[in-house]
Amino acid sequence: MSADYDFWKYKKGAAHDDQRVYAALSDGEALEGLQELPVEKIRERIREVFSGWDWPDKDNCEDPAGNGSFSLYTTPQFVRFDCYSMSEQNINLFLDILTEEFGCPLYDPQISTRFDSWTEV
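FYI, in this note's numbering the residues of the sequence shown are 1 to 121.
It should be emphasised that the hints constitute simulated quantities derived from the structure, not laboratory data.
Using 30 Å as the maximum straight-line C-alpha spacing, the simulated BS3-like pairs for lysine-lysine come out as follows: (1) LYS41 <-> LYS9; (2) LYS58 <-> LYS11; (3) LYS11 <-> LYS41; (4) LYS12 <-> LYS41; (5) LYS9 <-> LYS58; (6) LYS41 <-> LYS58.
Just the calculated beta-carbon pair ranges, DEER-fashion: (7) ASP96 <-> PRO56: 18 to 26 Å; (8) GLY28 <-> THR113: 17 to 25 Å; (9) ALA24 <-> GLU48: 25 to 33 Å; (10) PRO64 <-> LYS12: 39 to 47 Å.
Computed from a prediction, not measured in an experiment: that's the story for all the values here. We put the CB at the ideal spot given by N, CA and C, even for glycine.
Please work from the sequences and hints to get the whole structure.
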């Protein structure tokens, strides 16, 4: 089973149109109402947490035991994880890193929902 998990931050006072923002960011667009993210720091943290996994390149990671993989897509405003056959426990590692360490709410396109009630914007 595959799923993607997406993260961005709105600027204070910006209008929220999550589905449109998701589509634009997935196409590599830059949007005025969004903050820039510390993408390199996020990538470093992901590599640190998944250091026991195989990294064939900077964007792809595979569990050496064959229990899932993910691809990482980033722009200056966006972080996206495309996950394949990953456990809930490993997916939660992404969520914890992005939400707790970097303050980026999750957008889940599978259910068209952004989990940002805990943010100020």
